[in-house]
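> Sequence:
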Amino acid sequence: MWSHLGHRPQTSFFQASRFWASLSRHHSETLAVDRPHPSQACIQYDKAISHMELAREKEERSA
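Start counting the sequence shown at -17; every next residue gets the next number (the working numbering).
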C-alpha cells in the first residue's frame, strides 16, 4: 500500500531539525517552533490538574 515510501532513506530527527532550522531567517523563528516532548507535556498537564484539584479540596474544606 505505502510501497513508494519505502524507497526513500529514513531521515533522523536531528537531520529534520537541522533542515527546518536552516529555513528560518532568525533564531527566534526556530525557537517559536520548539515545544516540549509529548511525555513532558503530559507531566506538565498532570501537575497543573493536581494543583487545581488541591485548590478545589481546600475550598470544599473551608466551606
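It should be emphasised that the hints constitute simulated quantities derived from the structure, not laboratory data.
Incorrect hints may appear among the rest.
What the hints assert, rightly or not - Using C-beta positions, here's what the derived DEER-type ranges look like:
| id | residue 1 | residue 2 | range |
| --- | --- | --- | --- |
| 1 | Gln22 | Gln(-3) | 21 to 27 Å |
| 2 | Phe1 | Glu39 | 22 to 28 Å |
| 3 | Ser(-1) | Arg43 | 44 to 50 Å |
| 4 | Cys24 | Ser(-6) | 32 to 38 Å |
| 5 | Ser44 | Phe1 | 52 to 58 Å |
| 6 | Phe1 | Lys29 | 31 to 37 Å |
| 7 | Phe(-5) | Cys24 | 39 to 45 Å |
| 8 | Ala(-2) | Ala37 | 39 to 45 Å |
Ideal placement from N, C-alpha and C gives every residue a C-beta, glycine not left out.
> Given a hinted range of 32 to 38 Å, is it respected by the beta-carbon distance of Cys24 and Ser(-6)?
At roughly 24 Å between Cβ atoms, Ser(-6) and Cys24 fall outside 32 to 38 Å, so the hint is violated.
> So does Ser(-1) sit 44 to 50 Å from Arg43, Cβ to Cβ?
48 Å, holds
> Between Phe(-5) and Cys24, does the beta-carbon spacing fit 39 to 45 Å?
At 19 Å between Cβs, range violated.
> Range first: 31 to 37 Å. Now tell me if the beta carbons of Phe1 and Lys29 are that far apart.
Since Phe1 and Lys29 have Cβ atoms about 33 Å apart, the given range 31 to 37 Å holds.
> Ala(-2) and Ala37, beta-carbon distance inside 39 to 45 Å?
41 Å, holds
> Just to be sure I understand the hint, the distance between the Cβ atoms of Phe1 and Glu39 should be within 22 to 28 Å; is that true here?
Violated, at about 48 Å.
> Look at the Cβ atoms of Ser44 and Phe1 and judge whether their distance stays inside 52 to 58 Å.
For Phe1 against Ser44, whose Cβ atoms are near 55 Å apart, the range 52 to 58 Å holds.
> Do the Cβ positions of Gln22 and Gln(-3) conform to the proposed distance bound of 21 to 27 Å?
22 Å, holds
Checked against the numbered hints given earlier, this structure breaks hints 2, 4 and 7; the rest are met.
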